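Protein chains in written order, with numbering that gives the first Met the number 0: chain E, 0 to 100; chain H, 0 to 641; chain X, 0 to 202.
Derived by calculation from the structure, the hints in this document are not laboratory data.
Computed from a predicted structure; not experimentally measured.
One or more of the hints may lead you astray.
[Said to hold, decoys possible] Label pairs and their calculated CB-CB ranges:
no., chain 1, residue 1, chain 2, residue 2, range
1, H, 636, X, 167, 45 to 53 Å
2, H, 604, X, 160, 51 to 59 Å
3, X, 92, H, 591, 44 to 52 Å
4, H, 589, X, 92, 23 to 31 Å
5, X, 148, H, 611, 32 to 40 Å
6, E, 99, H, 578, 46 to 54 Å
7, H, 589, E, 97, 37 to 45 Å
8, H, 636, X, 160, 36 to 44 Å
9, E, 98, X, 130, 17 to 25 Å
10, X, 148, H, 610, 41 to 49 Å
11, H, 587, X, 86, 45 to 53 Å
12, H, 627, X, 146, 26 to 34 Å
From the three backbone atoms N, C-alpha and C, an ideal C-beta is built for every residue, glycine too.
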Amino acid sequence: MVVTTGWYLALGAALFSMGAVGLLVRRNPLVMFMCVELMLNAVNLTFVSLGAELGDLGGQLSVFFVLVVAAAEVVVGLAVIVAIMRRRSGATVDDLSVLGG
Amino acid sequence: MVDLIWLVPALPLAGFIVLIFAGRRIGEPGAGWLATGVMGGSFLATLGVFIDMAGRSTHDRRAVVTLFEWIPAGDLSVDIGFLVDPLSITMCLFITGVGALIHLYSVGYMHGDDGFARFFAYLNLFMFAMLMLVLGDSLLLTFLGWEGVGACSYLLISFWFTEPANATAGKKAFVTNRIGDWGFMVAMFATFFTFGSLNYVDVLDASTAGTVAQGTATLIAVMLLVGAVGKSAQFPLYLWLPDAMAGPTPVSALIHAATMVTSGVYLLTRMNPLIADSAGWVPDMVAWLGVGTALFAATIAMAQTDIKKVLAYSTVSQLGYMFLAVGSGAYVAAVFHMVTHAFFKALLFLGSGSVIHGMDGDQDMRHYGGLRRFMPVTTGTFVVGWLAIAGVPPFSGFWSKDEILTFAWNKSPVLWALGLLTAVLTAFYMTRLIALTFAGESRYAEQRTGEEDAEAATRRADHTPHESPRTMTAPLVVLAVLAVVAGFVQLPFSSSTRWLEHWLEPSLYANEVHLGTGGATQVLLAAIAVVGGLVGIGVAVAVYVKGRIAREPFEQPIFADAWRIDRSVAAFMGGPGRRGFEATNRFDGQVVDGAVYGVAGLVRRLAGVLRMFHNGMVRTYATGIGLGAVALLAWFLTRSTL
Amino acid sequence: MEVAVFTLGAVIVLSGGLGVLLARNPVHAALFLVQTLFGVAVLFVLLEATFLAAVQVMVYAGAIVILFLFVIMLLGVDRADDLGIEPIAGQRPMAAVVGVSLAGLLATVLLVAVDGLTGARGGTPLGDAGDNTRRLGEALFTDMVFAVELTAILLTVAVVGAVALARRLSGPMQPLPVVAIAESDDQPTEADDEPAGATGEDS
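Okay, chain E solo, but in the shape it has when bound (with noise of 0.2 Å):
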């Protein structure tokens, strides 16, 4: 049995459905956070083995870029959750619902 790029890409899959679901579930902003960071893990994982496949350095490169973005993403984020959370603990993404129409 020889380990091919479909396992991957299967395993990437199944990951990134796990924290689809996730996002959905969960009413905590830090572990809806975490899920998001388990999609762009499978997504990292999609491109190296792909790169790998292809031979090509690029889905390397991508993921770098992906990591650097990540970070920042959750640089702001996690200030954003501070800003909003820092009012009550306990407080959950329900409450957050002044945009409602």
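Since chain E is already given, all that's left is putting chains H and X on it; use the hints.
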């Protein structure tokens, strides 16, 4: 010279613009002289064009002078252009001529009035609209003028609008005219639909060539008749004309005697090929409507006590004669009577204005009497007008009325008989007017019925009516001269004396009916008409001057009340009419508006449903994104080949 | 051999993911995240992307998750979620639909694809595992140097943004006293926290 035709309407328009902005500053009497001068210039321009036209041969007497294209809208192209042909020039001549005289008269009549400049501004605007009406080269330009004269009529009738009755009279005139305008508009739509153009040249040439179906021509002709009935105050749309006497007397003279009310006759005469193309009952309808209105109005005039109301109903009656002429195919006679009527009716109205001016605003003839002593010029010119309208030869009214009656006989003896009866009544009520106003002794200082103050009569005894100033009497004299000589343009003796008929030939497309009666019959008819007129005069003299016959049988209350038509219209409109209008209003509010609001309500409910997706919760939005991504992925999967 | 490593890595990844999903306590969820990240790093090594594996561990697991933990500790959002109730109606079924559809569709893509990868081959050639860092460095700082500079700007902007967002708005920013760090240990919501990972200095 023909190219200068644009001066004819442009001068009054310029006068209006100047007066509307600077009139108050120019003030009295400068504004009046300006307006009169402008009209004088317009008359001279018309005269120049007339001389040019008269010098040409008969075939050459039609010219279209286009200024610029006004409405270029696809298939519809309307220019500001003038159709210069004998009919329009004839109309312009007496419109500008009589108009200038009335402007001059108004300088004296409106002396001291607050709205002096405003009056002349409106008068000039009216002249502009009227000239556009007759000079326009398309139905749309005529309609422009048509509406313009209607609006000016409203403005001028309710000139002293601080009095509610005057404002109401103006509104009544406007609304009644509007009903006629609807007919005109439908006719315009039908014309455009049939001919693809609104130009007279296109329409009339096509109609003469015989390319129009009878049904279409009938529709257009009938709708034009509706418009004409409204503007020319025929039954049933005559109700506004007596009320329009609330305006200043020069207005009554100009608009409601000489010019605006002739627009209907002009329109029918202009569109004579279409009337010729329409079904046979259309001219019959016109003739019977005309003679019926003439008789009807004459009976009412017999019992009126307000001098202007008598003249108003007299106008309705004479217009009926013109319609009778049109219906009998005698377009020349209609135009002829239009011209002579303009002269003698304007003369009569201006004369009555002079009387009212001398009596300090009193219009009730029961308070007049013996005025010949105080107002000689007015009396003299008024007598000329009276003889003209009564149809006494050789005054102009005799020639024109006789021509109409001859053609009426040609069409149907019954029409002739009714026309003759109307002529007798006309002579009667006009003589009555003269007798009550100028003859006999002054009744001004008598006690009036219903007057409680016993001293008022003696107070009035010192009053002396005065003759009017030169600016008012001069036009009277000119009009009197015209009322005498105008008849000579169409003498029925031989072909060479029928000058008007030859002149108008290019405009009539050979639709003028030929008389089937011989010369002897014509002389006999004329003689009977003269005798009838003299009988009317004689009876009136016996009743009102000599006092030998009682006056009550002639002054029936039903005549005085105008056959209670006004009353019934008011009752209908107030009662069932109003209920109908309110029902329509409710329909509009509930069904029409309801549909609109219903759509809005539907949108709101839909929005309410969609609002539920916007609950502000992050996770709901994330679900939406997730579902969207799934859908996109599925779509790409199904459409692309893997 | 490769299969075994792959299976191990896969198990680590998937179980970590499940842990993130199901852990009640956020601190536990963060730790499970570390597990997943580590598993992904293993798989990177298997794919001969050694530099990325190292960076993954250092940046993701080492920095980002630490940030998460900082915030959890400082804000006190470590109260456990009650996963039993779901306030939004229909959210769980929707989530199930989304998850299953995503997985299913992606699996379908993998199964249905007949021709295999049809992308262009070539581009920057991959080296072997040892050469990876050098090749990445070369590519980044020659062909992609603009992109790298832009990411530098992005990071700077992110830092500035985080500072602006997370400061308290009442009054000017107070300078951090020298001894303040030791004294403020017991007060988790101090005005001058900068959980954005910037250097300790503030303006």
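Hints, one by one, checked against the model:
The supplied range of 45 to 53 Å is met by residue 636/H and residue 167/X, whose beta-carbon atoms lie about 50 Å from each other. For the pair residue 604/H and residue 160/X, the beta carbons lie near 42 Å from each other, so the given range of 51 to 59 Å is not met. Range check, residue 92/X to residue 591/H: Cβ separation about 47 Å, and the 44 to 52 Å hint holds. At about 46 Å, the CB distance of residue 589/H to residue 92/X disagrees with the hint of 23 to 31 Å.
Between residue 148/X and residue 611/H, the C-beta spacing of about 46 Å breaks the proposed range 32 to 40 Å. For residue 99/E paired with residue 578/H, a C-beta distance near 52 Å keeps the hint of 46 to 54 Å intact. As the Cβ distance of residue 589/H to residue 97/E is approximately 41 Å, the hint placing it in 37 to 45 Å holds. Range check, residue 636/H to residue 160/X: Cβ separation about 38 Å, and the 36 to 44 Å hint holds.
Checked against the hint of 17 to 25 Å, the pair residue 98/E and residue 130/X fails, with Cβ atoms roughly 51 Å apart. Distance hint check: the CB atoms of residue 148/X and residue 610/H are about 45 Å apart, consistent with the given range 41 to 49 Å. For residue 587/H and residue 86/X, the Cβ-Cβ distance of about 50 Å falls inside the hinted range of 45 to 53 Å, so the restraint holds. At about 29 Å, the beta-carbon gap between residue 627/H and residue 146/X stays in the expected band of 26 to 34 Å.
Checked against the numbered hints listed earlier, the structure breaks hints 2, 4, 5, 9; every other hint is satisfied.
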